[in-house]
Structure formats: C-alpha cells, structure tokens
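**Student:** Residues per chain are reported as follows:
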Amino acid sequence: MVPTGSGSARPTTHNGEHYVDGARVIEYLPSSLNALPSSRYYLWLMAPALILLAAITLYPFFWLIWMSLQNVGAGPETEFVGFKNYIRLWADDKFWTGWVLLFKYSFFCLLFEITIGVFLAVVLNGHRFENILITIFLMPMMMAPAIAGLVWYYLFNSTFGWYHWLFQSLGILGETSIIGSTETAMAGIVIVDIWQWTPLITLITLAGMKRVPRDQLEANMVDGASAVRNFISITLPNIYPFLLIAIMLRFMDNFRFIDVIMRLTGGGPAEVTKVLPVYLFDVSFVFFKLGRGSAIALTLLIVTIIFGKLLVKVFENPASKRIDQGN
Amino acid sequence: MSSRDAVVYKTPLSRIWTIFTVIFIAFYLLWTLLPLVIMTFSSFKDLLAAFQLPPVGAFSEIGLFFNFTPTTKHYYNLFVNLGFTTYFLNSIIAAGGSAIISVVLGSMCAYALSRYEFRGKSDLFFWIISTRMAPVVAVLVPLYAIFRGMDLIGTQAGLILAFTTFNLPFAIWILKGFFDNVPYAIEEASMVDGSTRFQAFRAILPLVAPGIGAFVILCILFAWNDFLFASIIGSGGAKTLPPATVELVQPQNIQWGSIMAAGVITTLPMMLLGLLIRRYLVTGLTMGAVRE
Numbered sequence: 239m240v241p242t243g244s245g246s247a248r249p250t251t252h253n254g255e256h257y258v259d260g261a262r263v264i265e266y267l268p269s270s271l272n273a274l275p276s277s278r279y280y281l282w283l284m285a286p287a288l289i290l291l292a293a294i295t296l297y298p299f300f301w302l303i304w305m306s307l308q309n310v311g312a313g314p315e316t317e318f319v320g321f322k323n324y325i326r327l328w329a330d331d332k333f334w335t336g337w338v339l340l341f342k343y344s345f346f347c348l349l350f351e352i353t354i355g356v357f358l359a360v361v362l363n364g365h366r367f368e369n370i371l372i373t374i375f376l377m378p379m380m381m382a383p384a385i386a387g388l389v390w391y392y393l394f395n396s397t398f399g400w401y402h403w404l405f406q407s408l409g410i411l412g413e414t415s416i417i418g419s420t421e422t423a424m425a426g427i428v429i430v431d432i433w434q435w436t437p438l439i440t441l442i443t444l445a446g447m448k449r450v451p452r453d454q455l456e457a458n459m460v461d462g463a464s465a466v467r468n469f470i471s472i473t474l475p476n477i478y479p480f481l482l483i484a485i486m487l488r489f490m491d492n493f494r495f496i497d498v499i500m501r502l503t504g505g506g507p508a509e510v511t512k513v514l515p516v517y518l519f520d521v522s523f524v525f526f527k528l529g530r531g532s533a534i535a536l537t538l539l540i541v542t543i544i545f546g547k548l549l550v551k552v553f554e555n556p557a558s559k560r561i562d563q564g565n
Numbered sequence: 051m052s053s054r055d056a057v058v059y060k061t062p063l064s065r066i067w068t069i070f071t072v073i074f075i076a077f078y079l080l081w082t083l084l085p086l087v088i089m090t091f092s093s094f095k096d097l098l099a100a101f102q103l104p105p106v107g108a109f110s111e112i113g114l115f116f117n118f119t120p121t122t123k124h125y126y127n128l129f130v131n132l133g134f135t136t137y138f139l140n141s142i143i144a145a146g147g148s149a150i151i152s153v154v155l156g157s158m159c160a161y162a163l164s165r166y167e168f169r170g171k172s173d174l175f176f177w178i179i180s181t182r183m184a185p186v187v188a189v190l191v192p193l194y195a196i197f198r199g200m201d202l203i204g205t206q207a208g209l210i211l212a213f214t215t216f217n218l219p220f221a222i223w224i225l226k227g228f229f230d231n232v233p234y235a236i237e238e239a240s241m242v243d244g245s246t247r248f249q250a251f252r253a254i255l256p257l258v259a260p261g262i263g264a265f266v267i268l269c270i271l272f273a274w275n276d277f278l279f280a281s282i283i284g285s286g287g288a289k290t291l292p293p294a295t296v297e298l299v300q301p302q303n304i305q306w307g308s309i310m311a312a313g314v315i316t317t318l319p320m321m322l323l324g325l326l327i328r329r330y331l332v333t334g335l336t337m338g339a340v341r342e
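Protein sequence lines correspond, in order, to chains A and B. Reading the first sequence from the start, the letters are residues 239 to 565 in our numbering. Reading the second sequence from the start, the letters are residues 51 to 342 in our numbering.
If we strip away everything but chain A, and leave its shape as in the complex, we get (with noise of 0.2 angstroms):
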C-alpha cells in the first residue's frame, strides 16, 4: 500500500523509501565526475590531444633546431658544428634564389587566381546553374596535387601532350615543351596551380558575395550608379576581409605544398623553378645533408610562423568577424 497525499507534508517512511506528500523522494549523490573541478575535467579532455600533438610536432621542432647545429651524414653518426650551417646558408646563392623564386611563384600564382577567380564568382552569382557549375568547378581541388602534376606532365610533354600541340599550333610555343625551357617553365608550374586552386579562391569570394547586404546595393542602384561601380564601392569593399583570408590561405599552401613542382620540373630546367622548399627537398633527401636541411627547414619555419601569425590577425580582424555572423 502506497501513501497517498491526504494533506499532510509530513515525510513519511514506507518500505525503506521515504515519502513526502506522497510523492517518493528519491537520493541523488552527483556522480564522482561531477563533483571534479571544472578545470581538472577539462584538462584531461584535452590532454591525449595535446599530448600526441606534442610528441609529433613540439619534440621534432625542438630536434630541428638541435640537429641544425649538427652536421649529419646518411649514417647514425653527427658532429656537433655550431653555426657553421647557418653561415654557409649566408653565402648559399641557391638558398636566396630559393626564397626569391618562392615569393615569384606565389605572387604569379595570386595575381592570376584572384583575378580569375574574383571574376568567375561575379559571373556565377546568382547565376541559374550556380550551384552545379561551382560543384564541376572543384574538381580540380581534389586531386592530389602530385596526381595532378603527373596529368600536367603528359599534357605538357613535346611529343604526345595535347596542351603542347594547343600551344604550339596556336604560335604561343616552339618544339620544347613549356617546362622545358627556362623563359616559361614558371609560367608552366603557375598554370597547374591555377587549374587546381582558382575554384577555391571563387568559392571563398562567393560566400563573401551572399553576405553583401543588398539594401546596400539597391540603394546605391537608386541612385543610379551602374552595375560596375555597384561592384568597386559596395561588394568590393564587404569580400574585401575574404579575398585576405583566401590571399593568406593560397600563400601558405604555396609554401606547404612542393608536389606539382617537383612532379613537373623538379626544380629544374636550370634551376629556374627551384624554390626553397624544392631545394630543401633536395639537399634534406636527394643528398642527405640533414644538418644543412634542418637550418633551411628552421628559417622556412619560422617565415611561416611570422605568415601565421599575420594570418590570425586577419581570422580575428573585426572586419572578419561579420562572416561568423551569417545572415
């Protein structure tokens, strides 16, 4: 037999459990995890993480710049040299062309991407096949890069590629291939990389392009300005923080990734297209000068860092943070 609720508050005990106003009282105890301080919880959520994270990039940081100071052959065996491999970097010309030829491809590489691609979001918004014309266009995108230098090797190739035939019948090329001679090998390596990553520079200046206020717009057209000037003082002005994160993004990815260049020319012909991390490929594992790699890899890093750095400002720009906002 259940109490039941007669108008009394009275707790009451029945069977071991206990009642009040007939309702059953159930204890509760906060679980041991509950009870741990916020702060101790939370560190052991990221703690695995942050461990492995460690182990794999904070040790081989602190190894490169140890081994910087090392002379290592192939074998097991170094020599501890101080700062000689910096100052052999100093008077290393392969090393300044390196970063030279590095801050050239990016720029090519930029300039044609923005302008391209800028220019195909204005075309495709609000065009009536947008969505499945971008969805062809990022295609490109997803190939891995060294799939698509080897595609871009045989296209380019003087005797079977279709793109040196294309070239050469329109007068643009002679008989050598396009990263075959030192004027245009550059202009070769920037043309994959525009085939591959203008769709992402479009994509990006899209999403900036739905979120330029319309009232903005239609005012200005109110007005009377034209669709032209529309574009310079009203969308301009709204992608702008988007088109610096895509700028920031493409040039960190040009100094990441080295795939299309080594699949293509490898550096080569007369060295034109030797950037620096193709060079520190090649002295790291072509000669297996560690010791000499680790000091470029050090300065490559620490570049990248300074860019890094630059580029989470741009993340945390107020201009930015209205992409969060979404509308």
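Hints are computed from structural coordinates only; laboratory data are not their basis. This list has only true hints and no planted wrong ones.
Cross-link-like lysine-lysine pairs, in silico, DSS-like; alpha carbons within 27 angstroms at most: (1) B:Lys171 with A:Lys547; (2) A:Lys332 with A:Lys527; (3) A:Lys551 with B:Lys171; (4) A:Lys448 with A:Lys551; (5) A:Lys332 with A:Lys322.
On the provided structure of chain A, position chain B as indicated by the hints.
**Tutor:** Frame of chain A; chain B shown alone:
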C-alpha cells in the same frame, strides 16, 4: 511586386554581358574538365593511341582524340601485376586511421578549448594552428630523422602518425569553431537532469555530428592526397597510391596508360567524397574562417 524583386532593365550592354558570361563559363568549364577528361580517356587507350597527335596546326583533325578502341588492360595490369590492391588498402588504412585518431582526440580537445577559459589559451591555440601551417618538407626533415631512429619508416603506424601532424591540429581548430556554436545551456540542462559532465558532452555530440562526419572525410582527403610524407615515411612497407603512381614514371618506357589509370583510381574516390561533403568544403578548406 514585392520589395525583394530587383528591377533589371534589358539594355544592349546587359545583353552583351550575358553573352560574354556564357562564353566565359563555357571556356572555364572546358579548362577545368579537359585535363580530367584526357586523363580518363588515356587510361582506356593502349600505348599507341595515347601517343597519337594531329599535326601541328591541324585543328580539323582534333577528332583523333576519340579514335581508339577502349581497353581496360591498364586497370587490370595495375591491380594484378603492379600490386595496386595493396597500395589502395594502404591508402585507406593510413588515411582512415589518421582521420579517426585526429577527429576523436581533436573533438575532445576542441570541446574543452571551447568551454574552458584559461591563461595562455590564445598562445596554445596559435601553437596548434601553426603546426598545421608548417611547410610539409620542413616537418618532414626532423620527423624522418626521429622515425628512422625508432624504426617507424615504412610502417603503417609511422605513416598514420605523420599524417596526424597535419590532421590533428586541423581537427582541433575547426571543431572548436563548431563547439563554439553550440550553446552551453544544452549541457547545463543535461547536467541538471543528472548527467555527468562527460555524459553532457556526449549529449551535444549529435548536434555536431554532421560536421564531425564531414571533417573525418576532409582529414581522409588531406591524408589520401599527401605525397611527401607518404613517399619518404611510408616508402617500403606502407606505400600509398600517390607515391606508387609516381613510381610508375621510369626513365625509360614510361607507362602512361597505367599512370593515368592509377590517377583515375586515386582521384575518383576523393571527388565522390568531396561531393558528399560539399556543404562543409568551404569551411574545411578555409580552416573555419569562411562559412557558406
């Protein structure tokens, strides 16, 4: 007429613009697809047909491109003679393994970073993201030296760890943005109902599940497409598809048919996965800075 409709007057100029955009889109479509089409077609051509070109300037003979009898012998050759079944499996194991480790550990870490304020958090955050931005070759040099000492070169475990160097920071960074968008009130409500903190974390997982799924796929994509780590650290026992394909390029007698077939095999699954997570692609590729 509702106020959202824009009045557009048809002028000769706008007509010219329309024609121009159609031409531009057609041209860009061709430019995007042509290398992919040539790759696919060449993978079905035998060696002689693959090397056929019309004479210079003879644009009328462009139909020569389609003049071949399709053969699947390159695909057969890849899987039967060249061991691509193993490489394909290696790719799946290495990419999948690193993606799962990254997203599982990454989501725990990202959740904690999203909910917990502490001193030096922004520095920690910058360290995480800078490991993701580091040039692959620069990371490769010390990693190779360390892995060589630990006998991890040429093993699946080594390759999975190597891929995790870029996938884990990516997962942490991007998932934090996802958890930031989930109101803390949901966990509070769950805890008021008597669940533990960890159960509360599990309670909000369904809300971020689509995003987490998409980023597992993106991590797979990054790892699958990687060449440098795979060729230096995976070479030998854990060779994945991109280095295996590149190795088909020999000084003499380059087997273009097989290379193109390997290209198709490597690219097609990633394109399909890319389609699957199309909605999250912008967020993923911009490290969460841009949302669609």
